[in-house]
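Chains as they are written, first to last, in the numbering used here: chain A, 19 to 324; chain B, 10 to 516.
No lab work stands behind these hints: they were computed from the structure.
There's no promise every hint is true.
Claimed, not checked - With a cut-off of at most 20 Å between alpha-carbon atoms, the simulated SDA-like pairs for lysine to any residue come out as follows:
| # | chain 1 | residue 1 | chain 2 | residue 2 |
| --- | --- | --- | --- | --- |
| 1 | A | 102 | B | 351 |
| 2 | B | 351 | B | 383 |
| 3 | B | 266 | A | 175 |
| 4 | B | 136 | A | 64 |
| 5 | B | 205 | B | 509 |
| 6 | A | 102 | B | 193 |
| 7 | B | 136 | A | 62 |
| 8 | B | 211 | A | 118 |
| 9 | B | 210 | A | 176 |
| 10 | B | 210 | A | 282 |
| 11 | B | 139 | A | 71 |
| 12 | B | 211 | A | 266 |
| 13 | B | 210 | A | 107 |
| 14 | B | 136 | A | 67 |
| 15 | A | 102 | B | 211 |
| 16 | B | 136 | A | 63 |
| 17 | B | 139 | A | 64 |
| 18 | A | 102 | B | 137 |
| 19 | B | 312 | B | 374 |
| 20 | B | 444 | A | 62 |
| 21 | B | 211 | A | 110 |
| 22 | B | 210 | A | 103 |
| 23 | B | 210 | A | 175 |
| 24 | B | 273 | A | 172 |
| 25 | B | 440 | A | 50 |
| 26 | B | 139 | A | 76 |
| 27 | B | 376 | A | 285 |
| 28 | B | 273 | A | 176 |
Claimed, not checked - Okay, the calculated beta carbon distance ranges per label pair:
| # | chain 1 | residue 1 | chain 2 | residue 2 | range |
| --- | --- | --- | --- | --- | --- |
| 29 | B | 332 | A | 152 | 53 to 61 Å |
| 30 | B | 371 | A | 85 | 25 to 33 Å |
| 31 | B | 371 | A | 46 | 52 to 60 Å |
| 32 | A | 92 | B | 463 | 53 to 61 Å |
For glycine and all other residues, C-beta sits at the position ideal for the given N, C-alpha and C.
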Amino acid sequence: MIAYIVKRLLLSVLVLLGVSVVVFSLVHFAPGDPARLLLPDGALDEDVAIVRQALGLDRPLHMQYWVFISRAVQGDLGRSLYYKQPALGVILEHLPATILLTFSALLVSLAVAVPMGIVSAVRRDSPWDYAGMLLATIGQATPVYWLGLMLILFFAVQLRILPSSGRGGIEHLILPSVALGAPLMALVTRLVRSGMLDILGEDYVRTARAKGVAERLIVLRHALRNIMIPLVTIVGLQFGALLGGAVITETVFAWPGVGRLVVDAITARDYPLVQAATLLVAGYFVMINLILDVLYVYLDPRIRYA
Amino acid sequence: MKPRDSSLSRRELLRLGAAAGLGAAGLSFVGCSRESKDQVVVSRPEEFQKLDAADQFNLVNYTLFMHIFDTLVELDADGKIVPSLAESWEVSPDGLAWTFKLRKGVKFHNGDPFTSKSVKFTLERYKDRKLARSTWWTELDKVDTPDDYTAVVRTVKPVGPMLSNLITPTVMYSDKQGEKDGPTFYEKLIGTGPYKFVEWKKSERFVMELNADHWRQPLPKIKRIVYRPIMEDSTRLAALRSGELHMADTIPPDQVKVLQSDDKIQVLRVMAWDQLYLGLKCDQPPFDTVEGRQAINYAIDRKSIVEKIMEGGRPAAAIVPQGVIGYHDGLKPYPYDPDKAKSLLAKAGWKGGSKLKFIAPQGWYPKIKEVTETIASQLQAAGMDTELTVMEGAAFTQARGAGNYNIYITGGASWDPDQMMDQRIRNDVFKSGYKNQKVFDLILEGRTSVDQAKRAEAYKKAQEILYEEGSMVWLFQMEAIYGIRKNLKGFTAYPFKVWDLRKAEIS
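When you get a sec, could you build the whole thing from the sequences and use the hints?
Take a look at the structure:
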């Protein structure tokens, strides 16, 4: 187990190195000059040249990459051109908000989807089932952006029971989590429902019923456990989508997370900030996947003993 | 067996639902706006980004700095320069020395006194050309301090826009603390202004609180100002309508009606010193001739763009907007005359065939897509086919800076003609290739003359020639649109797109 985790960690380093090359190339080959954007619109070419030189942007690209990566290894991710502060610090100010939002969205979607999927399966073709499937279809088909605005208009402007945007108490977390979690919620509901239906027709379920085990125990103990593996897989795969959705959700809800920060940094061609943020978010993603893989082993003894 | 089991799960579901409902109800009063007479919450789609006033040019920074700091002089709401930390000033006959008499008894938030040494410390920093605002101070020589309350700003050439350069963002810093702290000093935001900096949570909020020791009496009535950057227009509007904001800046023109239907909100429209124009590549056909440039000026229906797309604003004729020194009221916007445009184009020898490259920056101005598409179709009707590309801002600045266009669209916001004319015409930073020595000389005269009447005259003459030669296509003056909750009184918005809460109150 330890050897497995160590191997995975080493692989993660390779992944991050690859990410750094790709991101570095992307930001540097995109048209636009950070020095020009740091000065007022219409600055003289000679002033732009002075700033370029001060930032080291006049050096060959491979040298700039070398400077970046050799410092990054030592934990120095450079200084944000825009904020004029260490990029790592700027990101760490934003990262907790993103982690909070993605986890809360995950939690909200699972808390709704798992019971709803179970009820839909157990009460197949009942109004419960239809309602659940309708909600799932809507959740999957609605763009996060539009759903977010509708939630704001209804709960903040019409009812005035929840704040429209920004960070604050737990009440600020509700709307963005629902908007961000909706697609995942839809996916998981369908997954749980179909998985449940399959399992409830299995021989061992019939055996359990024949033994006289209470239906509730059959559902919660026998069936639900077997859903966990595909569930964890899907959640792992969808976590990337959740991070991607966070960019939009953070913009709509003025949520001070990394997603919005990166979009602004790209617009400003703040190379160090974009690079550092991408590396950190990639690291976050890699870590979540690692945790989920370890969770697999724990959940399924067959993997453990193979 | 079955009914009992499912009723159990249903009960669980109900329990969950009840818990959620209770939760929401419990939160509801927290979510509602905290109405208070002491605190104002305002928003604009711009992030507060940099702490050093000498090294940024964001409008939101100017605005917030104006509350935390003071400048030597200020612009009032009519655009007139008035005293602030400088009580009076005079300029030497050769125009090379400006003597400022400073206000006595002014203290920084940390207790340091404001003296002529502060002026010296603040201004001489601008000689570092890496600072974004150093471009205004290239002629600065040094600042002399004959006594604590007299500062003499010496320049190597006369600087006509000296006073314009001394308003926001040229805020005064404490020499004592600054020399002690080094570069980290600018992160502390220690000013002499009526508000003290409290906290800045990036992408979330910027907070300041009343400075009860401010020299200007009476003190502002609002105790606490919270700035929230909300980029998304719909969200900013929703936050205003829900009462979370007292003021939302940059209302899209097509949303004005929505706000007007809300009886708790009023819409404030201010004609800004910000005009949209088309820059032309003057060393390539068809704009390498006066006829070709006049043709495009006649080809555009400014009035219909202002009325139908912008739903506000004013057709423009020249580079200096109404209200700014050097404004020429004799110049009227080119009338819309596509036939005349066609015949001028024929005179210019333009036969069409190739498409003109028309570039525009995405997201810089409201309705930029609609405006440029309309212009493109009007140009086509007059015989100029264009290939319009609305591109991402950074890519746009690069293309424009390299002269890689036939037509570009950009706005020009300024409170002194020198800022735009020297940079975009005399220094031709966007590589238009326009050359007219007489115009260049006049612009230089405006820049290097300290007699404001003489300056105005020079700029007017330059604009007459520019108008005649059609070197740029001035489209229209833009409006700054604010949504304000009616209980916020005394909100001031200046034409240079900066707003002021120093005289505001909540009723």
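Ascending list of hint numbers which this structure does not respect:
Hint check: 1, 9, 23, 31 fail, others pass.
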